[in-house]
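Visitor: Put together the whole structure using the sequences plus the hints.
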Amino acid sequence: MTDKDRPILETRSLGKRFSIGTRFSAEGKRTVHAVDNVSLTVWRGETVGLVGESGCGKSTLARCLVRLHDISDGELLFEGEDITSKSLSELRPLRRRLQMVFQDPSASLNPRRRVGDLVAEPLRIHSKLSSNEIKKRVAELFDLVGLLPDHVMRYPHEFSGGQRQRVGIARAIALNPDLVVLDEPVSALDVSVQAQIVNLLADLQEKLNLTYIFIAHDLSVVRQVSTRIAVMYLGSIVEEGPAEEVFATPAHPYSQALISAVPVVETTPSGTRKRIILTGDVPSPLKPPSGCRFHPRCPIAAERCRSERPQLREYRPGRKVACHFPTV
Amino acid sequence: MILSVRDLRVSFRTNDGLVRAIDGVSFDLEESEILGVVGESGSGKTVSLLAVMGLITDPNADIEGSIRYKGRELVGLPARELRRLRGNEIAMIFQDPMTALTPVYTVGWQIAEQIRAHRNISKSKAMDRVEELLAEVNFPNPHEAMSRYPHQLSGGMRQRAVIAMALSCNPALLVADEPTTALDVTVQAGILDLVRKLRATHKSAVVFITHDMGVVSELADRVMVMYAGRVVERGSRAELFSDPRHPYTRALLGSIPPLTGEKPRRLPAIPGSPPSLLRLPQGCAFGPRCPVHYEPCATGKPDLGGGTHAAACFRVAQA
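For the protein sequence lines, the chains are A and B, in the order given.
Quick note: the first sequence uses my numbering, first residue 1, plus one each step.
Quick note: the second sequence uses my numbering, first residue 1, plus one each step.
The set of hints was computed from the structure by calculation and includes no laboratory data.
No experiment lies behind these values; they were computed from the predicted model shown.
All residues carry an ideal CB built from backbone N, CA and C; glycine is no exception.
Check before you lean on any hint, since a few could be wrong.
Here chain A is said to cover these stretches of chain B; the calculated rule only asks that three of the stretch's residues, wherever they fall, bring their Cβ under 8 angstroms from a Cβ of chain A [what the hints assert, rightly or not]:
#1 95-103
#2 146-158
#3 188-194
#4 270-283
Guide: Here it is as structure tokens:
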């Protein structure tokens, strides 16, 4: 497989700006850098987890990666081909290979259509299958995601949250995509159902040779599914590396604080884990701090951090960090 | 004893039939104790606490059983009497701080209003107290925050404002319904710290509802696990987490991916999904999803029984 040596998706200094307000509003027209200078490489067959607090730009980045947002700066490459500024009609053939699963399955499924119909829709649009072949394929997909054959005639509201998410997944994999972007696919589900969906995603990845980009705010779920993770803060990646390594030895002070804040079930008396509590809130991306964007909340910030912005650099094969004083 | 709930039953008459949201829940709460209530959606954790607060006003709801606050029966208490307790001696923190605050008044005004509803003090005195409270819940600049509107605050700050409001009258009992679910983990850590600190300074008893086992294990003194309207296991934190007995508790703990150590290839998942309260299975509600169910589970409903650490399961009773 030569595919292994070629990244399936690559971003080069990718940025997304939104302008808000008008020149008549109190503060005038302003620009938000939701995603700023992100260079990320995704290899075939891996799962890249994106983590960070709400508002850090992880969902915006995900939407840029499948071109649901137009890209403001930098480049986006799919299998080496520049797709940064392709028109919608040029993108169409690519859509079947780049799919997305959304957080809230009750919002992403049309309530007035039967779920069999919803799963068949991408097949009708992108494939040349006859209606009988489509029926067969839908039955196959239902079986693959663990739904019963007679479920095709039901409406989304007749399902539980977990089953609805299975429908969302069936629809995303209907066209045999190469890359699936999963934006918080288990966050809206009950705890006892989350594990089922996490397992289903792992099974499908193995069977269909899928590449995932997985976004979640639940760090233990991200660790479970990801081979590599990227930690984002205020629109930029601050740390990147193999999932288990980053969790065991986070190098960036923000990753350290984030991981230490996760409440874990401890059977031994508490107090073994040291918690780093961050002061203040995530600053507004409208007025990002100077220098390192994390410095106002950073426990080890020094003078240099206030003026000079650290670049994401590789300090060890596979491990990258954007910090002047990383723990390495 | 601050709170004593005995055999609480709440049911709702709906077009589709009778929904038993709570089916015989009993628990006690001592002064400055934190009780963690864990369960999934539909397990009845919120409804049972709304019943304690007297906030179930649906004419189609039936509430049976006994809820005693400091020895005084709350079930059937006139609305006027309840209102004197609520917000004063018993306070509540809701999941979404944006809906718990009114968007059209400043945060300071809202907290002062609550104080003045229960205490006979002047407006300026109340405002001084608000500033103290906001400082107590770690607002970096309490005086400035008083004149802010809820939308001008971040989610974490809003939840802190709601907590300040709940604390304004020094409640003996604080009920928190998933107060950190809408927040980021870094912000959640701060709020949990705050709850611990307040328990120590105000001696309030706290009932903390959550679906997150990690949060419970860090915060609670005692834990109650709910499933389909019933308590399936209760015990001290140490008992419950080092020796979980009910198959549901065990399965729930097992299905959480670990944050350290080796990653399992597959997570031990619980099959199926929580049952609809309209169509509860015969016998034990967890039976159809239970890995160790056997004949008695299909017909009888297991009782929780006595003792500090107890599980409502025939297998456990048998062992």
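Visitor: Take the hints in turn and mark each one as holding or not.
Guide: Do the hints match the structure? See the list:
Beta-carbon proximity to chain A at under 8 angstroms applies to 0 residues in the stretch 95-103 of chain B; the threshold of 3 is not reached and the given coverage is violated. Coverage of the stretch 146-158 of chain B by chain A holds. Counting CB-CB distances below 8 angstroms, 4 residues qualify, and the rule asks for three or more. Three residues within the 8 angstroms Cβ limit are the bar, and the stretch 188-194 of chain B against chain A gives 5, so the coverage statement holds. Under the rule that three or more residues need a Cβ within less than 8 angstroms of chain A, the assignment of the stretch 270-283 of chain B holds, with 4 such residues.
Violated hint: 1 only; the structure is consistent with all others.
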